[in-house]
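Participant: Chain by chain, the residues run as shown.
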Amino acid sequence: MIRFILRRLLAAAPTLLAVLTVVFLIVRVIPGDPALVILGDQATPEAINALRARLGLDRPLHEQYVSFLLTALSGDLGQSMVSGKPVIEELVAVLPHTIDLTLASLLLGVVLGVPCGIWAALHRNRFIDYAVRIVSLLGLSFPVFVSGIFLLIAFALTWRLFPVIGTADLNDWGDRLHKLVLPTIALGSVMAAYIARVTRSSMLQSLSEDYIRTARAKGVPWRVVVWRHGLRNALLPVVTVVGLYLGILIGNSVLTEIVFNRPGLGRVVVAALTQRDYTMLQGLLVIYCFLIVVVNLLTDLAYGFIDPRVKHG
Amino acid sequence: MSAAPAPTGNGAEAAAIAEDSPAPRRGGLARLVGLFNANWTSWAGLAMLVVIVLMAIFAPLLAPYDPLDQSILNRLKPPSADFLMGTDAFGRDVLSRVLYGARISLIVAIAAIGLAMVAGGTIGLVSGYVGGRFDVAMMQAMDVLMSFPSLILGLVIVALLGPELRNLIVAISLTAVPPFARIARAPTLAVKERAFVEAGRALGFSHARIIFVHILPNVMSEVVVMGTLWLATAVRVEASLSFIGLGVKPPTPTWGGMMRDAFENILDAPWIAIYPGLAILALVFALNLLGDGLRDATDPKLRGE
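Protein chains in written order, with my numbering: chain A, 1 to 313; chain Y, 1001 to 1305.
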């Protein structure tokens, strides 16, 4: 297992390096001089040059690139051009809110999606199957901000069960969960829809395999066939999709955060873009990609865990 | 339409198309109707889509008011006989704006996905055909592009280039290039080993001719089916970017932008948000129904009945 993990880690390294390079280039090719943006049109050329020197923008590109890589790898993402505080500090402060929301949505997705998918697969082409397919298709047709706003209207106007907006106190678990409910429904229902669909088709495929027929022929009870032979083999594609959509989930949290006025990475992105805070933007992209590379790695490890053939192959 | 030999399969027409045909044997239209008939949801999706497209095209005839006309007297009016979907904070008719808003959604989605299909499809075809290190490098580049969450990448590109129709299209198409490259590459790898490609080479056809005349038709159906599904994604991303404030600039009506404006008065005038929200949902759902039905019909793994 350890060798497998190390191998996967090694494979993730070039991706991370490439991603860092792309981030570096994106931020450099932006039209406009960051120093000019920060100081405004009225600034003297001396002030602009001084700031450029302080930000390291006067050095040759390859020098900037090497120092960017070295500092990024050591966890230092520079200082925010707007607040002057270390970027990593500001990001770590809001990260728990984003992770809360992502994990809660993922959990909702799995708890709702996997059973629905199995249910539909076992009743193929019957009413339940059609219902699950149409409802899940509808679910993944909702842009997150639309479902968020619909929930907001429903709960703020009629039921008043959950707080519609607000920053949770990270140390108060009750408050944290309470404020998580609506955003989680908005974001998690999309995830549930994806998972239900993939579970259904993957389950259908695995139930049509020869080993299922063999198991039934030798008299294994249907229930055991479904759970032990069918589901276990159907899980791999589900894990792939969960891994893939976790990235989309992290991206979509931007919208949820705006609608429900929650703090998090997404709100920081929008703020950094409007204020042209390039170091913050660079740091954010690094963090996003880092999260996605980590998720991919975990997905790979989950494969090895579910299917021993992957580990040794 | 292609110099490819006839499929070896007989009888099981549909299975043959998916598994062992170098090019669709039946005419394009007949085959398309066959795909639609395999799944009634495709027809439902197509019908919804046609209605929305017609609404967008004939918006000037259908809209009861000018979508930009402001009226201080009619601010935040709830839905009534005069204003079927109510009015917004500037007294503009929500129904008229919803009708016109369909235009931006459709234009951006179709242009962006069309671009991504051509660019990604070409990358996938050439990469798969050339193979070797070139192929490995291209696919790794695609992986790197895919490791950015697409909404975030779109957000950053539009914010940096400026929120204009053209930049919106470029940003959304860029996020959709890698999946098209992947879907075009996979069948290319299999098809290029087939006898008719070898025959083409033996006859001295140019690589470009082999790729675009002989391999392309075999890849087309998968790319088009995925295109339909990605149209749905593009509509969603455009609406999301407009909602964040990075869409086509006001006062041009866009569904996402309308919801953004509605946010200020969400509790007093929820209809301003509800109708454009339902419009986005209807268009994305129609495209998903269409694409999903077609995919089921083309995917031999899902068929198996």
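The hints are simulated quantities; they were obtained by calculation from the structure and are not laboratory data.
Glycine included, every Cβ here is placed at the ideal spot set by N, Cα and C.
There may be inaccurate statements among the hints.
[Claimed, not checked] Label-pair restraints from in silico Cβ distances: (1) Leu10(A) - Ala1199(Y): 28 to 34 Å; (2) Leu9(A) - Val1136(Y): 18 to 24 Å; (3) Asp1069(Y) - Tyr65(A): 49 to 55 Å; (4) Ala1199(Y) - His62(A): 46 to 52 Å; (5) Arg3(A) - Gly1162(Y): 45 to 51 Å; (6) Phe1134(Y) - Pro308(A): 43 to 49 Å; (7) Trp1043(Y) - Leu10(A): 47 to 53 Å; (8) Ile306(A) - Asp1069(Y): 56 to 62 Å; (9) Ile5(A) - Gly1131(Y): 46 to 52 Å; (10) Val1213(Y) - Ala217(A): 45 to 51 Å; (11) Ser208(A) - His1207(Y): 37 to 43 Å; (12) Trp1043(Y) - Ile306(A): 52 to 58 Å.
Participant: Taking the numbered hints from earlier one at a time, note which ones the structure violates and give those numbers from smallest to largest.
Facilitator: 1, 6, 9 and 12
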